[in-house]
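Kindly generate the complete structure, drawing on both the sequences and the hints.
Chains as they are written, first to last, in my numbering: chain A, 5 to 499; chain B, 9 to 446.
Check before you lean on any hint, since a few could be wrong.
To be verified - Label pairs and their in silico Cβ distance ranges:
#, chain 1, residue 1, chain 2, residue 2, range
1, B, G159, A, A91, 41 to 49 Å
2, A, Q33, B, G121, 38 to 46 Å
3, B, D365, A, D102, 30 to 38 Å
4, A, G154, B, E346, 28 to 36 Å
These are computed hints drawn from the structure, not numbers from a lab. Just so it is clear, the structure is predicted and the values come from calculations on it, not from any experiment. Note that beta-carbon positions come from the ideal geometry of N, C-alpha and C, so glycine has one too.
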Amino acid sequence: MTINLSAKESAPRERRLLSITNYCGSLRQLHGSACQGNLDNKERCFSQASLCNAACALGTLSLITDAAVVHHGPSGCAVTAIQVYNAKNQLAGKLHLDTSHSGYVCTDMNESDTVFGATENLRDVIRETHRRYQPKAIFIGASCVSGVIGEDLESVAVEAREELGIPIAPVHCEGFRTKVWASGFDAAFHAILTHIVKPPQEKTNIVNVINFFGSARREIEKIFARLGVVPQFLVSNSSVEQLSRLSESAATVSTCGTLGTYLGNGLEQTFGVPYVKLLHPCGMAGFDSWLRGLGAALGKETEVEVLLDEERSKYLLQLDAIKRRLTGLKAVLAMGPGFNFNTARALQELGIVIVHSSAWHFDKQYDDGQMPAPFQYLVDHSPNDFPVSVSDLQNYELMKVLSATKPDIFFSRHTGSTVWAMKLGIPALCVCDEYAIFGYRGLLSFANSIVDVVTNRSLTDTLAQRVKLPYTRWWLDQAVSGSAQELVQGQLDPL
Amino acid sequence: MTKLLDQPRYVCALGAMQTVQGIYRGVPVLHAGPGCAAKLASGIAGSNGDSGYISPQIYPCSNVSEKETVWGGEDRLRETIESALKIIDGDIFVVLSGCTTEIVGDDIANVVGEFSRGDKPVIYVATPGFKGNNLEGHEWVVNAIITQYLGKRAKTAPVKGLVNIWGPVPSYDPFWLGNIRELEHLVRELGLTPNTIFGEQRGLENIDRVPAAQLNVLVSPWLGLSTVKLLEKTFGTPYVHVPTYPIGAHASGEFLREVGRHAGVESASIESVIARHEREYYFHIERTSDVFLESRTMSRRFSTVSNAADALAVSRFLINDFGLVPAKQYVTDATPPEHRSLVEEQFKKFKYGIVADVVFSTDGHEVHESIRGTDYCGTPLIVGSIFEKKLTEELGGNFLAISVPLQERLVLSRSYVGYRGGLTLLEDIYGYVLRQFN
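Right, here's the structure in full:
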């Protein structure tokens, strides 16, 4: 399984990674089915609004400091411009970066555009965007409308590239083309790999860090300095010039397998940049695995072991102490598969029992053809074969899971999903920051947050007593039966 | 001419889902792509929160995929509505279409029609993104509720003193909850009974009362005109159009007089309400006058960069109440061309014959260039959205974000409407001015 950079677009995950958005069973059943190749993507007869890949694709690209996004769609599609604008400025402000050569504009397609096409206007908008912002690259974002009416973004890009002399990349992120919104990350990275990254001229001591916003920037800089390398955080706050040289880096690591697979594997397969494909740095085992993987790629194994010993001597005693307070606590988590399985592992390190895990989708494999390492690790090490469901933000299903399992705490990672557990009287903690459980230090601080959340239940209790759920009695009373039984019961067999 | 949206300050017609969510126990049912709801909500409601009894993650949605774009999505819509009625505990279900389903030509009206005899009202509004902006979408939703729901119900006898208030757009106006409550408050002080359909515990029951009102009050430059006209045609209810929502003493006084006169309230009692408020209002203005007047950094001239409703209301307050002078005013909500003259006219009606130039533009870059090229004869005051923050810093001006996207402030029940609202707006403006000592 290799990434095909000669293709115009990255194939959706359903086809490329055999990803699914619908499953109900247990951790090891899911593993078994995945290994036997009989994971079918079923359809729901009822669904709630989820997300589209355009937000992931163009949200990612719009955080490059000196590139512009031209979104070829109606005004509503361009809300990504609103979503990223301030976060980008706040981040860039802290790092003293200039974002004046970036922008996010929209062709504001109207009814007549849907009939007559609007590539002429798209050309003009690209030209005008170039004139006003002088970006180093322009990404043309597709929309459902541009896709359905068959706008030829490729030819527009080719012509504009010739005229303006900068990379101009179409991004195929039509909202209807995949149910797995993470396919949008791949679409963004496909555009970067095919239009921005240049063949290496020299090797550098830079390590690519595929992440979201880099909140642990200082901590990672210090750790990497011990290994003689410098992190390049991707892609927020990076420039087109920095991106063009990703092929020269010494290695690539990622904080999330879902996010990193396309770029990490693409750089490895095309330019030989080693991609560390082990666990992600949540908690102890993850941190060990992540740093050892990087150490191996850099030939710095000894330095890594010294560093890990230091971390252990600093934090193990404290972690043991807090683990005593958390052992036996029951948790449900619902997040994308990348963070989900890494967070589950970290929670188990604290003695917390996972009673259900709901993943927004499930990748049977990553772009190296291998099953995601954090999932395999859980299958091999989890003390219980906990129930697993795959559901693309289907709240009505999650609410049944939460009512039936009645966990002590719920972990979310997605905007708008945290409060629903609290409405059921279950304290919830949103793991927004991708570095919230980073390494030994992160795990300790996260463990303390968990103690805080389950100790002071004031907001949860008062809210739960005063709100009504938006579901009918009929739905709430539906007995969980058949395969759905597995959704909530789970077998707590000792390994 | 190049059609270019830079720094979007509005969204597409499907953004009207927020109008449905704004009706307590109203359920938007989307026949649209999987990402529309979450994206639009984060754009409109943004930092102000988009959860509640219903939230975008609760919306039933057909999550249109490649299959429906090729084979059509009518069956998918049918099962979505069927299940929604069983699973979601709502009072009115409003099916909203997105771009793809309208382009591929699903007969949505027909599918929705199949549910017309059920226990719960199910109505349909075509809101594909390419057809209009979220303000137009808002109006289509409200009008659809009148024609498809209220129009089918038995006529109710008019209730004396009952007044419907229309104007603020749920979520898109970050102050909608506070503003609607404050408008209710003003109307109640006239001895009338206000009826509004948006916000906490205001749902179908309030919608059902709409036909019984003796008067419709529209507080908006143009949005909702077709609604009050429709109500007049359908139920014979007269309306009064107040083009700007009232901020501060002058506008609030005018609002009370205008509404009171149309509702048959005696002039003496209107004047006594106004007098009582003005005593309190000017007490504050008087006692804070040193701060207002003896500032090294307060502006004399200002621009608003906002939707027509906010631009107009804030300008009127700053000019007619607070003695500032307008530079250009920028209306950025893609006001439909047929309504622009209505808006322009209002910008010519300030005290002392003061007139403000209005620029309609959806191109934020162009707006910023124009502001950069303006001589404000001192520190400019820019009232707009977060997009104006960096610009104002660059110009050394005073800044306040009042419209979408807000981002760096949280609005719960705050309001700029009424007497108290005027004082609140001054607090917020001076909250910035006081940080700018030079």
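Here is how each hint holds up against the structure:
Remark: the range hint 41 to 49 Å for B:G159 to A:A91 is upheld by a beta-carbon distance near 45 Å. Range check, A:Q33 to B:G121: about 44 Å between beta-carbon atoms, so the 38 to 46 Å window is met. Checked against the hint of 30 to 38 Å, the pair B:D365 and A:D102 passes, with Cβ atoms roughly 33 Å apart. Range check, A:G154 to B:E346: about 32 Å between beta-carbon atoms, so the 28 to 36 Å window is met.
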